[in-house]
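Line order of the protein sequences matches chains P and V.
Per my numbering, the very first residue in the first sequence carries number 1; after that it's consecutive.
Per my numbering, the very first residue in the second sequence carries number 1; after that it's consecutive.
Simulated from the structure, these hints should not be mistaken for laboratory data.
Source: prediction; values computed, not measured.
Please note that a few of the clues may not be correct.
Said to hold, decoys possible - Cut-off 20 Å, straight-line C-alpha distance, at most; resulting in silico cross-link-like pairs (DMTMM-like, lysine to aspartate or glutamate):
#	chain 1	residue 1	chain 2	residue 2
1	P	Lys-164	P	Glu-226
2	P	Lys-265	V	Asp-6
3	P	Lys-224	V	Asp-6
Stated by the list, open to error - Part of the chain V face toward chain P, derived, beta carbon under 7 Å:
#	residue
4	Ala-64
5	Gln-67
6	Leu-70
7	Glu-71
8	Lys-72
9	Asp-75
Even glycine gets a Cβ: it sits at the ideal position worked out from N, Cα and C.
Each chain, letter by letter, is given below.
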Amino acid sequence: MQARHKSMKAFGENLADANEQLKIINNSNGFPHFDEKFEIVGEGPLRAGKVEILQVNVGKMCNQVCKHCHVDAGPDRKEIMTKETMQYCLDVLANNDIPTVDLTGGAPEMNPNFKWFVDKIKKLNKHVIVRSNLTILETNGYADYAEFMANHKVEIVSSLPYYKKSFTDRQRGDGVFDKSIAVIKRLNELGYGKEETGLIFNLVYNPVGAFLPPSQEELERDYKRELRDNFGIVFNNLYTITNMPISRYLDYLLQSGNYESYMQKLVDAFNPAAAIGVMCKFTLSVGWNGRLFDCDFNQMLELGLIDDAPKHIKDYNASLIEGRRIVTGQHCYGCTAGSGSSCGGATT
Amino acid sequence: MDTYYDPKDLKKFADISEGAPELWKKFNEWYGAVFKAGALSEREKSLIALAVAHAIQCPYCIDAYTQASLEKGADLEQMTEAVHVASAIRGGASLVHGVQMKNVNEKLTM
Numbered sequence: 001m002q003a004r005h006k007s008m009k010a011f012g013e014n015l016a017d018a019n020e021q022l023k024i025i026n027n028s029n030g031f032p033h034f035d036e037k038f039e040i041v042g043e044g045p046l047r048a049g050k051v052e053i054l055q056v057n058v059g060k061m062c063n064q065v066c067k068h069c070h071v072d073a074g075p076d077r078k079e080i081m082t083k084e085t086m087q088y089c090l091d092v093l094a095n096n097d098i099p100t101v102d103l104t105g106g107a108p109e110m111n112p113n114f115k116w117f118v119d120k121i122k123k124l125n126k127h128v129i130v131r132s133n134l135t136i137l138e139t140n141g142y143a144d145y146a147e148f149m150a151n152h153k154v155e156i157v158s159s160l161p162y163y164k165k166s167f168t169d170r171q172r173g174d175g176v177f178d179k180s181i182a183v184i185k186r187l188n189e190l191g192y193g194k195e196e197t198g199l200i201f202n203l204v205y206n207p208v209g210a211f212l213p214p215s216q217e218e219l220e221r222d223y224k225r226e227l228r229d230n231f232g233i234v235f236n237n238l239y240t241i242t243n244m245p246i247s248r249y250l251d252y253l254l255q256s257g258n259y260e261s262y263m264q265k266l267v268d269a270f271n272p273a274a275a276i277g278v279m280c281k282f283t284l285s286v287g288w289n290g291r292l293f294d295c296d297f298n299q300m301l302e303l304g305l306i307d308d309a310p311k312h313i314k315d316y317n318a319s320l321i322e323g324r325r326i327v328t329g330q331h332c333y334g335c336t337a338g339s340g341s342s343c344g345g346a347t348t
Numbered sequence: 001m002d003t004y005y006d007p008k009d010l011k012k013f014a015d016i017s018e019g020a021p022e023l024w025k026k027f028n029e030w031y032g033a034v035f036k037a038g039a040l041s042e043r044e045k046s047l048i049a050l051a052v053a054h055a056i057q058c059p060y061c062i063d064a065y066t067q068a069s070l071e072k073g074a075d076l077e078q079m080t081e082a083v084h085v086a087s088a089i090r091g092g093a094s095l096v097h098g099v100q101m102k103n104v105n106e107k108l109t110m
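All chains, full assembly: derive it from the sequences and hints.
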């Protein structure tokens with residue numbers, strides 16, 4: 001599969017349309033609907049609890065065009081959260097006990113109000129996670145962002161699909177591994193990834209292909225050893241994340257003839273213990289335009305919150321958000337396969 | 001079917017139990033225990049299995065243990081080295097039998 005330089009949307013590809021994706025993934029192909037499978041858990045339908053993490057997608061613009069990106073992000077994407085919408089998020093955070101804010105994108109740093117937003121969230125004494133692609137931190141115009149995040153005690157979570165160049169560059173683009181290593185060295189110099197500083201730096205592994213992730217614990221040991229021995233790099237935790245069969249990864253699965261077997265693999269690997277810990281139970285996702293979703297994947301599929309729940313962050317109402325039924329689809333099998341998968345890695 | 005090997009047959013593996021369910025049960029328990037992490041990691045065991053699959057030239061096993069090796073965190077470089085180990089042993093096993101050829105040659109010739 002060739003490297004991408006623009007989003008699927010820029011090329012007007014069918015799969016850039018969420019409805020086209022849903023047509024494919026919700027065509028059951030003989031697989032039980034996710035809701036039926038979830039009944040095994042014995043909790044009744046999947047419902048959200050108290051919101052512990054507000055995950056805010058501040059825009060789809062990104063300096064990278066990764067082959068597996070579920071956001072279809074890229075330099076051509078213009079969807080960027082406005083300061084007004086950020087203020088709605090701040091109002092919700094000020095008035096509700098939501099301890100953590102998880103900023104994602106695109107490259108969240110590319111939102112022109114990123115620093116202002118982080119500063120305001122920290123003033124509310126919230127923990128801030130930024131999902132940084134690393135290479136943005138050495139791009140012109142962003143040279144001081146690493147220091148800014150260190151000064152604000154921001155936790156950084158970054159994808160590094162493998163501890164070697166080959167897999168990483170195949171998924172994220174030529175040269176990404178070397179640039180990422182250079183940035184991680186700088187983050188380490190700032191204290192990131194070192195226990196004594198309290199500056200948390202976590203890495204994310206995504207399988208580079210149509211297979212499930214390895215054991216998080218075992219792979220973390222390999223990553224720590226290889227990155228330390230070969231590059232002198234340290235980090236806190238490795239999160240293994242399963243690729244969701246949506247957007248560009250869905251395109252890859254279809255183009256490579258792996259779609260059916262990958263879905264079969266996800267369904268066969270359904271793990272009730274992983275299903276108990278799915279992140280939508282305690283995470284609320286906010287889109288670049290303020291719309292509310294059960295997770296970042298539902299956001300990309302434009303599956304908003306269930307009927308009686310508020311639709312926009314400005315209408316946030318804890319009593320209608322907590323206890324709501326989660327909107328599900330066949331893609332949800334991605335979070336419940338094997339050891340489970342979430343923005344914080346395995347769930348078992 | 002116009003070939004002895006059909007990838008779909010791999011899914012029928014468990015049907016072998018029909019002739020001897022108790023033996024299948026014992027095989028499964030033993031097989032599962034063998035591949036659990038022990039003194040060797042699950043990835044190391046998958047790579048050994050992949051090498052053996054090539055040595056015995058079992059297409060089912062090559063399919064299954066390429067996938068398993070990837071899912072245990074191996075990459076193409078590691079899997080290729082494993083296949084070279086199998087190939088080296090197969091090639092070396094042929095070559096080392098040259099000693100027998102030399103023994104016979106020595107006995108029969110002046």
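Verification of the supplied hints:
1. P:Lys-164 <-> P:Glu-226: 9 Å, holds
2. P:Lys-265 <-> V:Asp-6: It holds: about 19 Å lies between the C-alpha atoms, which stays within 20 Å.
3. P:Lys-224 <-> V:Asp-6: 41 Å, violated
4. Ala-64: Violated, because the Cβ-Cβ distance from Ala-64 of chain V to chain P comes to roughly 12 Å (cut-off 7 Å).
5. Gln-67: 6 Å, holds
6. Leu-70: 5 Å, holds
7. Glu-71: 5 Å, holds
8. Lys-72: 5 Å, holds
9. Asp-75: 6 Å, holds
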